[in-house]
Amino acid sequence: MIRACTLLALALLPFSAPGARAGGLDVPIAGGKFESVLPPSPEVKVAVIPAFRMDTALVSNADFAAFVRKHAEWRRDSVAGLFADKGYLRHWASPTDPGKEVAAQPVTQVSWFAASAYCEARGARLPRWYEWELAAAASATAPDARDDPEWRQQILEWYSRSARGALPAAGASPANYFGVRDLHGVVWEWVEDAGSMLVSGDSREQGDPNRNRFCGSGAIDVEQKENYAMLMRIAMLSSMKASYSSNSMGFRCANDAGAQR
Amino acid sequence: MIGRGTLFTRAGLPLLLALMSLPLSATERNASLYQMHEKLLNQDGKAIDLDVYRGRKVLVTLFYGSCPATCPLIIDTLRAIEKKVDDAQRQDLRVLLVSLDPERDTPAALRQLADSRRIDTTRWTLAHADAAAVRLIAAALGVQYRKLPDGQFSHSTIISALDADGTIVVQSAELGHADPVILQAISAK
Numbered sequence: 001m002i003r004a005c006t007l008l009a010l011a012l013l014p015f016s017a018p019g020a021r022a023g024g025l026d027v028p029i030a031g032g033k034f035e036s037v038l039p040p041s042p043e044v045k046v047a048v049i050p051a052f053r054m055d056t057a058l059v060s061n062a063d064f065a066a067f068v069r070k071h072a073e074w075r076r077d078s079v080a081g082l083f084a085d086k087g088y089l090r091h092w093a094s095p096t097d098p099g100k101e102v103a104a105q106p107v108t109q110v111s112w113f114a115a116s117a118y119c120e121a122r123g124a125r126l127p128r129w130y131e132w133e134l135a136a137a138a139s140a141t142a143p144d145a146r147d148d149p150e151w152r153q154q155i156l157e158w159y160s161r162s163a164r165g166a167l168p169a170a171g172a173s174p175a176n177y178f179g180v181r182d183l184h185g186v187v188w189e190w191v192e193d194a195g196s197m198l199v200s201g202d203s204r205e206q207g208d209p210n211r212n213r214f215c216g217s218g219a220i221d222v223e224q225k226e227n228y229a230m231l232m233r234i235a236m237l238s239s240m241k242a243s244y245s246s247n248s249m250g251f252r253c254a255n256d257a258g259a260q261r
Numbered sequence: 001m002i003g004r005g006t007l008f009t010r011a012g013l014p015l016l017l018a019l020m021s022l023p024l025s026a027t028e029r030n031a032s033l034y035q036m037h038e039k040l041l042n043q044d045g046k047a048i049d050l051d052v053y054r055g056r057k058v059l060v061t062l063f064y065g066s067c068p069a070t071c072p073l074i075i076d077t078l079r080a081i082e083k084k085v086d087d088a089q090r091q092d093l094r095v096l097l098v099s100l101d102p103e104r105d106t107p108a109a110l111r112q113l114a115d116s117r118r119i120d121t122t123r124w125t126l127a128h129a130d131a132a133a134v135r136l137i138a139a140a141l142g143v144q145y146r147k148l149p150d151g152q153f154s155h156s157t158i159i160s161a162l163d164a165d166g167t168i169v170v171q172s173a174e175l176g177h178a179d180p181v182i183l184q185a186i187s188a189k
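Those protein sequences? They're chains Z and C, same order as listed. Sequential numbering from 1 applies to the first sequence in the working numbering. Sequential numbering from 1 applies to the second sequence in the working numbering.
The hints are simulated quantities; they were obtained by calculation from the structure and are not laboratory data. Certain hints may be false.
[To be verified] Label pairs and their calculated CB-CB ranges:
no. : chain 1 : residue 1 : chain 2 : residue 2 : range
1   : Z       : Glu157    : C       : Ala164    : 49 to 57 Å
2   : C       : Glu103    : Z       : Lys100    : 43 to 51 Å
3   : Z       : Tyr159    : C       : Ala69     : 36 to 44 Å
4   : C       : Ala31     : Z       : Trp158    : 34 to 42 Å
5   : Z       : Lys241    : C       : Arg117    : 27 to 35 Å
6   : C       : Arg117    : Z       : Asp97     : 37 to 45 Å
7   : Z       : Val46     : C       : Ala173    : 26 to 34 Å
8   : Z       : Gly32     : C       : Ala88     : 56 to 64 Å
9   : Z       : Ala257    : C       : Ile48     : 29 to 37 Å
10  : Z       : Glu35     : C       : Gly55     : 34 to 42 Å
[Unchecked claim] Mimicking PhoX-like on lysine-lysine, the simulated pairs with C-alpha atoms at most 25 Å apart in a straight line are:
no. : chain 1 : residue 1 : chain 2 : residue 2
11  : C       : Lys147    : Z       : Lys241
12  : C       : Lys57     : C       : Lys189
13  : C       : Lys57     : C       : Lys46
14  : C       : Lys189    : C       : Lys84
15  : C       : Lys57     : Z       : Lys33
16  : C       : Lys46     : C       : Lys84
17  : C       : Lys57     : C       : Lys39
18  : C       : Lys189    : C       : Lys83
19  : Z       : Lys70     : C       : Lys39
20  : Z       : Lys86     : Z       : Lys70
21  : C       : Lys147    : C       : Lys39
22  : Z       : Lys45     : C       : Lys147
23  : Z       : Lys100    : Z       : Lys70
24  : Z       : Lys33     : Z       : Lys45
25  : Z       : Lys241    : C       : Lys39
From a predicted model like this one, the values you see are computed outputs, not experimental measurements. Heads up, the beta-carbon is just placed ideally off N, CA and C, and yes, glycines get one too.
Turn these sequences into a full structure, and let the hints guide you.
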């Protein structure tokens, strides 16, 4: 029943929100208790996630170009080095035009700062890791398919596929249970709390990770070590500084469920 | 052929170089932290910007007041650094401690901490920032942090030395003593 409603909402989407971005913050996700690969603390294993909304499709080059044309400080030829490295939007035809071939593809080569600014300009924010992980736990038919061996296998196949070849268009992959697309098998995605993973290389630097470098209870242990796909994402996110860009890192936006749209 | 070459060297090359230098000089890869416009409150409740100490050498780090062990050590480490530099350099040096904990580290709480640790707030600032500002500042400083369910924060302890323009010169994760790389950055011209 829930799924039928979601599909109905998706079918109405182009008509219900004139001027809104396709693949936008249309689908509310209930949230709730969630067992993450990254528990809140060694003592608290279950995260409580408030209801949220998430873009149903990744942000495309065309979407990001519209933002850059309005906010010149985020053009690749004017952005500050503090906020973006030299790879920032390097693949675009010009500072304001991605070029026809990539316009519909998910935007990549964007820093965390730039992705955050894009979402802020839309009155939204980046998804938090728990929100992203919860949305990504769904298969086409179940909200949490992480214990389904078939689903796991499918995900692993996605992740083991060669990264060569053009990216599919943003929003082109099938919708999951929540109506969200592109969560697996397309690109890595920035999250708001990318700087909160605390399992980065630097915690492995000098022997005991808890010594000196961390105040509080130190580096967080990860759970569900068989959940490779999620652990790979966490490893990727914690290896990226906020100014870094990569041709395999994109993003989508999210918001609190009750936020104004 | 000669004509083309002449044109190229006489007009084309300088023009080309000028054009090439445009995007370079426009970006300059400006890495100054002072391009951030996040608002802070100091320990006296006064609104300040991140560039409150623009023009000086600054040590900046993130901490939180209720931290049981490492954060007192951060203050001790900053003091150890100050002890190792000569009087003139110390007079010129500034310290900015930004709290990760907007809920508990109100300006009043920070003032109390400054008094109890006998911090000279003419040269040191303990700053409150809201959660969004903390996230951006931490990202710019490369500090990882995470709020834990018990209200504590798990965070990497990095002291950054900024030049007069707010660019990070060097960073240190060493606590408990004055890291020579920080001392070098302070004594450099």
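The hints, checked one at a time:
no. : hint                            : result
1   : Glu157/Z / Ala164/C: 49 to 57 Å : holds, 54 Å
2   : Glu103/C / Lys100/Z: 43 to 51 Å : holds, 49 Å
3   : Tyr159/Z / Ala69/C: 36 to 44 Å  : holds, 39 Å
4   : Ala31/C / Trp158/Z: 34 to 42 Å  : holds, 37 Å
5   : Lys241/Z / Arg117/C: 27 to 35 Å : holds, 32 Å
6   : Arg117/C / Asp97/Z: 37 to 45 Å  : violated, 54 Å
7   : Val46/Z / Ala173/C: 26 to 34 Å  : holds, 32 Å
8   : Gly32/Z / Ala88/C: 56 to 64 Å   : holds, 60 Å
9   : Ala257/Z / Ile48/C: 29 to 37 Å  : holds, 35 Å
10  : Glu35/Z / Gly55/C: 34 to 42 Å   : violated, 51 Å
11  : Lys147/C / Lys241/Z             : holds, 19 Å
12  : Lys57/C / Lys189/C              : holds, 10 Å
13  : Lys57/C / Lys46/C               : holds, 22 Å
14  : Lys189/C / Lys84/C              : holds, 17 Å
15  : Lys57/C / Lys33/Z               : violated, 47 Å
16  : Lys46/C / Lys84/C               : violated, 31 Å
17  : Lys57/C / Lys39/C               : holds, 20 Å
18  : Lys189/C / Lys83/C              : holds, 19 Å
19  : Lys70/Z / Lys39/C               : holds, 24 Å
20  : Lys86/Z / Lys70/Z               : holds, 21 Å
21  : Lys147/C / Lys39/C              : holds, 21 Å
22  : Lys45/Z / Lys147/C              : holds, 14 Å
23  : Lys100/Z / Lys70/Z              : holds, 20 Å
24  : Lys33/Z / Lys45/Z               : holds, 10 Å
25  : Lys241/Z / Lys39/C              : holds, 23 Å
Against the hints set out earlier in the document, violations occur for numbers 6, 10, 15, 16.
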